[in-house]
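Q: Taken in sequence, the protein lines are chains A and B.
For the first sequence, the numbering used here begins at 1 and goes up steadily by one.
For the second sequence, the numbering used here begins at 1 and goes up steadily by one.
These are computed hints drawn from the structure, not numbers from a lab.
Check each hint, because a few of them may be wrong.
[What the hints assert, rightly or not] Here are the in silico distance ranges between beta carbons for each label pair:
no., chain 1, residue 1, chain 2, residue 2, range
1, A, Thr315, B, Thr404, 44 to 50 angstroms
2, A, Glu281, B, Thr404, 56 to 62 angstroms
3, A, Leu274, B, Asn410, 31 to 37 angstroms
4, A, Leu274, B, Val287, 27 to 33 angstroms
5, B, Phe703, A, Asp4, 38 to 44 angstroms
6, A, Asp4, B, Ser54, 21 to 27 angstroms
7, B, Val287, A, Leu219, 21 to 27 angstroms
8, A, Pro457, B, Val773, 41 to 47 angstroms
9, A, Thr218, B, Asn410, 56 to 62 angstroms
Backbone N, C-alpha and C fix where the C-beta goes; we use that ideal spot for every residue, glycine too.
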Amino acid sequence: CKSDLDINRDPYLPTEATPKLLLPTGIAYSASKIGGDIQNIGAFWSQHYTQNNTSAQYKTLDQYSVGVADYNSIWTSVFGGGLKDLSLTMEMSKASGAWNYYIPASVMSVLDYHVLVDLYSQLPYTEGLTGDKNKAPHWEDGKVVNAKLIAQLDEAISKGAEAIALPRIGNEDFIFQGDIAQWIKFAKTLKLKLLMRDFTANQAAIQALLTEGDFLSTLDAKMTGFADLESKSNPLYEYDRRKLNTFFNIKASNTLLNFLKENKDPRISDFFELAKVEVPEGQPAKNDYIGLDQGNFTITGLQTNNTSRAVLAATDPVYFASAAESKFLQAEAWARLGDAGKAKTAYDAAVTLAFARWGKSAESFIQPNGAYEFKGGTTEQMVKAIITQKWVAAVRCQAWDSFFDQNRTGYPAISTVSAESPSYVKGEYTISINSSLGGTEIPRRLLYPKVSADFNPNTPKAVAINTKMWWHKQ
Amino acid sequence: QQRTITGTVTGKDDGLPLPGVTVVVKGTKVGTMTDATGKYSLSISESVTTIEFSYIGYVAQSRAIGTSGVLNAVLASDANLLGEVVVTAMGQTKQARTLGYANSTIKAADITAANNVNALSGVQGKVAGVSISNSGSVGGSTKVIIRGVSSFTGNQPLYVVDGVPINDNNATTVTSTRTVDLGNQVNDINPDDIESMDILKGASATALYGSRAAHGVVMITTKSAKQNQKLKITYNGAINFSNVLMTTTTQNQFGQGWPNFAFEENGSWGPRLNGLTREWGTEVDGVRQQKAYAYAEDNVRNFYDTGLDHTNEISISGGGEHTSLIFSYGNVGQRGITPGNVDRYKRNNFSLRGTTKYDKFTANFSLNYVRKDANLIFSGQGSADGGKTLFQELIQTPVDINLTSLKDYNNKYNNYDNFYTLYASNPYKVVQDNKAVAQDDRVYGKVDLSYQLAKGLTAVGRLGGDFSSTRLRDYGSVIKYTPGSFSADGGKAPVTGRYGENYRKNDQIDATVMLQGDYKLTDDISLNATAGGNYNQRGYNSLDAFVTGLNVPGWYSLLNTSSAPVLESKDVRRRLFGAFGAFDFSFKDYLYVNVALRNDWSSTLPVNRNSYFYAGANASLIVTDLFKELKSDNVNLLKVRAAYGKTGNDASPYLIYNTYQNGSAPLPNGNLLLPIGGVAGLQHNKRLGNLDLRPEMTTEIEFGGEGRFFNNRLGLDVSYYNRKTKDQIINATLPAETGYTTRTINIGNIQNRGFEIGLTGTPVRSEDFQWNVGVNFTKNISKVLSLFDGVKQYQFYNAYSVDFVAEVGQPLGVYKVPQVERVKSGPDAGKVVVLANGLPKMDLVDKKTVGQSGPDFEVGFSNKFTYKSFSLSALVDWRKGGYFYSYTSQLNNFVGNSTETTFNFRQPFLIPNSVKETGVVNGAMTYAENTNQIAVNNVYAYWGSSSNNSMYEHAVLKRDYIKLREVVFTYSLPKTFVSKLKLQNIDVSLVGRNLLIFTPDSNNFVDPEGSNYGNDITSNFGEFAAGPTVRTIGGSLKVTF
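When you get a sec, could you build the whole thing from the sequences and use the hints?
A: In structure tokens form, the structure reads like this:
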């Protein structure tokens, strides 16, 4: 009788898993949000993209009225999803000494935590991921979390030699196909990025790290392997282009588009589609790149095909860190350390890599009198030049990182005049036409998610979306 | 001088002979009883003039003796009489007077009076404490909620047919994109097979069914043939026409445009309608169509066709000395109101039931086969692969565009390429392109053997089985646009096409053995005891496969794709062992005490903690028999009763252990599904298992009283109950930072208290004319007493920004909607903060509670007039209070079709009592009186909930309604005429169902009863572009050979 009642296990679900099967899921989950919703939020708030005026999908995003219940799936998919699978991978591989799985899982999880802490400002890093052992993890300050993340990176880096000695894992590492040396470079790049959040305090460590080198320099930390197939494509493409009833929601923001046009940047065709220019009856048809002012989804008269849509491809990789970003970071570090020469070398390499990503040459742009020439100057001038190019490099790549950079450095600057004003400088942020924030305020964070706040008494009290964080430019 | 009177007594309803009828000389004890064939013979003195016929459950009759020696009687059943025999737990029969709880019996005539194709709809509005509603779609689900919702899932009652539980699975997948409702399985029962239904509401009544009876039990007794019964044939036929009951009342002032006139818009935000002829729609070959810029009256109503359903039922019954058999065949065909004959439902029922008796041995058996075929259309929002759905497309049609003008979808202006708008699709074509086809075979039956071991001691063994197999296919047509066409140029999203197949088998085996004994303990006290055991196994397995993105249009195959099919297999099984005992004591003939005990062992609970115990007890005191002096012609009966009971609910299968599953990362739409690039992955199950799970427990106390007055012409039945349901098993939300999103746990404490009042009266009763009145009143007050871990709110469901939650201190199931930001303090405190564009600023953190889904009360009011062979009855159903979410309303507001969008003639306006922000001074926001008008070309943004979140509150509508539920006019053809045709009975009826509906002014959108969310708690949420409910008018013919 007792055994007759012991039939409560689902025959179709396994109760055991291995790092080989958990690691790819952990990475795919990270990609699903960082390359999906977070990429899209970043692109809207970095004014790469804006909402199409004849549809409605991302209106709340574009008017900055993102509430506590919006984008909660970031929280559930990253914390409740990928991070737990990565932490299980770490647990299992640590126990068996499989450092070749441990390092990718650990570095990937640091990247996840880093994105979350910069989006939310605090994180339950230490007490999280323990299931019902702790149903109310305490949240920790971003500064504390960053220090712990750096420690986690150091630990991963320290296992590098042991991991390289082990057989190389294969395609289950969606990012470097088991190349641990690249993972170490990724880890160090990430470490530099975290240290730069507090340049003054970490100046010595940054100097030391730069001297040591070994950052991402040719390969990108990106998830590839997407195909133009249902449920197998780039996450933003999958949900915006394949699954929505209207796939013309994401349009060119004039902020970016006018900057590209002014500088005759050839990447414009990699970022945006041509639109149909309204011509008088009888005249030949004409196409051009046409954008919308940021947040101007209430404009009337423009048809769907009169504005440029963002180019997205099913096979676009999801970038977690790129070689170009690594060079921009180094350029900024050198600039802040006062070494304009090294800053220029890194900057030129960064812009070159950013163009090369689209099969374009940056040569004419970075050479003397080129549109993107590095002109040196004060630290602030150098940082502005670096971050402005980083902002363009982030399009269709790491738009979320541009959002963080603007918060951190203040570039691109927020224009106090409208885009139509003669004193408007192309490339500066304009205020979303339908902003719900008022003044020149823009969003600085996501609100603590409702799925956490409703169920964890230790989740911090709500903070307004335009509240700056400790590492933001005040 | 003695004379002999003979005769036959038959029942009025079925014309069958009644055995055991008491036949006495009026005012004496001289009498006899009818035999098995209903015949009697009575020797009486010449002076006797009147004979009285009486029988339990029937209205007694006094008849004058004529000169003839033959006196036949036809007795009418009386559902209101307490002498009635009712069916209680485990299929036992008892006299209603002995019950210490509220009992409701519904007779065949009531169930089938209005030609319902499913039995439970025939009970709608007729029983206090039981809320029944139907989704409205062809073959759709019926929801039965007894004494309020108390669990977080699985609130439907247990259905027991002739003592054996049957499955009531619901094959509805609830999504906001594409939903079809295949109905729940209790709808498979042929209503004409049902003799009566007894609804056990309280925990005390259902305790014997233990963990399956937490939400009540519906005991169905089927018709049977009697021993030595002559061959009898009945035929019932009905035909009904249906049309749409309620459609949205649209505004009639403004036409196509958004916000200016545009040829190709799908909303009514354009200029004022002026009746002038103007161009509209797309330009084809350089020419646009022309039409009057005028309101299209009854647009949506005219879109629909007349639906048709028919029922044919034939039964053949007869009995010999030992065996009696009844065979029935029923066939139902339904055609819905959607044009193009695309929503169809067919059901064929075959049933063979019988009884065999040899001395001390009795066998009851039945075998039923049901075949269903359905062709259904989708509701919801539509999807990129499966295409659009009908109702959504109807809503977003400008009020000046005549829907019927789109009927010819091959017309060059109406086809895919040139349809007038990029944002919607031709509704006539949508229903041709996308459909679900279902086929279902089901066999269920039972064998029930009993043997009388000794006088007063019987052994019973009962085995039931229920097996069904469903095949569902899902079609979504590929849509491509010709390059250069309006749709292609405008970037209308092509539909990639979809095909899916789902095979599912459900099964249930239920075995019971029991001993029943009758003892007289003393002269005054007798005991009826039952003890037994029960074994139940239920399960299903399914294989689901679908492909999205079809390469070859029109070829529906899992191979027609470049991608791989998405597959899912399931195999779910559960077992339950139960041991039970029931002890019914009676003291004299006025006090009855019933005790029921049960212990269950369930496979769905942790192996070492899977045993749990329930008990129930109730008592009934017949006051008028205890104090006989109270009894008079004005007070016929007084009864008081009290009950206490406990029932429970075990878990669903597979919630105990932690597992892994195939890696699938959700996206805002769709997902990222491993393997990717040939690499497979597993993910941890985000639901954390629980090795400490306990069963859910409901305890209930109930008090009530019954009275019959004025020669039984007035009856009153009142109940009060208070039930608390604790330890609900739910997937409770865990904050995701724990690494999991849910954990199966026991939570909460939900209280349901309520009154049920049943009133029956016969204001007029004469030889030829009778007027019967019935009122039933139900009031249920629910309250969430606690949830878990200090959590104050738990979300059941959400659509857009409307949440449907359990909130501590509130009734179960309240709506939370976004609220505007208001000034917190200072002189402007409480005023609405307005943005530069004049729209309100939203509170991004907190939402407000609108109200509950449950009603304040429900009333069913029926009247029946009988004059000679004519009868006319009417039932009015009133539901007061409560709210529901209506996507139909939300979308009508968005597209400017709803009447409320004509507010202020769509001229610029200021949000009343509002301020605007004037900047931060000393760390605090300052405000000034609002001068930001909502501009004329932005009025639509005010009414659109995506641009003005406070508008979601307008999508939560009042659920109140009054319906004229049933009107039935019946004429029984004169016996003299009928017998010439060698027939026994011919009844013809005219029937109307859902003839009228009245809703509050604020709901001029949809019938609140319709839902496309199945029949569990989410269906209380409301509707998401659900189809309309229908009004039916028809006739029926009942013939007994």
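Q: So which of those numbered hints doesn't the model satisfy?
A: Hints 2, 6, 7, 8 contradicted; others consistent.
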